[in-house]
Amino acid sequence: MPSTARCWTPPRAALAAATIFLTGCATAGSDAPPGACPPVVAYSPAEQMRVAEEVAALPEGALIAGWLADYAVLRDQARACQAPHASR
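Residue 82 in my numbering sits at position 82 of the sequence shown, and the numbers go up by one each step.
Because the hints were derived from the structure by calculation, they are not lab data.
Since the model is a prediction, treat every value here as computed from it, not as a measurement.
A couple of the hints might just be wrong.
Label-pair ranges, simulated between beta-carbon atoms [stated by the list, open to error]: (1) A57 x A36: 12 to 20 Å; (2) A83 x E60: 32 to 40 Å; (3) R50 x D70: 37 to 45 Å; (4) L58 x A80: 39 to 47 Å; (5) A36 x G61: 20 to 28 Å; (6) G35 x L63: 32 to 40 Å; (7) G35 x I64: 27 to 35 Å; (8) A36 x A62: 28 to 36 Å; (9) S44 x V73: 31 to 39 Å; (10) S44 x Q77: 16 to 24 Å; (11) V73 x E47: 14 to 22 Å; (12) E54 x Q77: 22 to 30 Å; (13) E60 x G35: 23 to 31 Å.
Backbone N, C-alpha and C define an ideal beta-carbon position, used for all residues, glycine too.
Full structure from sequences and hints, please.
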């Protein structure tokens with residue numbers, strides 16, 4: 001790996017923290033019937049901070065960091081699915 005490759009790699013902890021904290025920003029529509037959307041578990045700010053700290057403590061290259069990013073996408077999709085039905 002060239003010596004500059006590390007410079008272009010975003011810090012894993014920052015990426016995970018941003019993913020966790022930005023999951024509430026999803027805005028999209030869906031035509032899913034009521035009740036078809038999976039529930040989205042709410043996490044307190046304290047829980048979110050603890051998770052960010054735990055992710056930051058993971059060893060370099062830990063697979064779970066990528067899985068958490070996938071989970072954040074699923075949460076965004078579930079929120080988007082629920083959005084049209086929230087006002088009913």
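A quick look at each hint next to the structure:
Between A57 and A36 the C-beta distance comes to about 38 Å, which lies outside the given range of 12 to 20 Å. Roughly 37 Å separates the CB atoms of A83 and E60, a value that falls within the hinted 32 to 40 Å. A C-beta distance of roughly 20 Å is found between R50 and D70, which places it outside the suggested range of 37 to 45 Å. At about 28 Å, the beta-carbon gap between L58 and A80 misses the expected band of 39 to 47 Å.
Remark: the range hint 20 to 28 Å for A36 to G61 is contradicted by a beta-carbon distance near 37 Å. Range check, G35 to L63: about 34 Å between beta-carbon atoms, so the 32 to 40 Å window is met. A beta carbon spacing of about 31 Å between G35 and I64 agrees with the range 27 to 35 Å that was offered as a hint. At about 34 Å, the beta-carbon gap between A36 and A62 stays in the expected band of 28 to 36 Å.
Between S44 and V73 the beta carbons are some 21 Å apart, a value that contradicts the proposed interval 31 to 39 Å. Judged by the Cβ atoms, the range 16 to 24 Å given for S44 and Q77 holds: they are separated by roughly 22 Å. Evaluation of the 14 to 22 Å hint for V73 and E47 yields a pass: the beta carbon distance comes to about 19 Å. Distance hint for E54 and Q77: a CB-CB separation of about 24 Å, consistent with the stated range 22 to 30 Å.
Taking 23 to 31 Å as the suggested C-beta distance range, the pair E60 and G35 does not conform, at roughly 43 Å.
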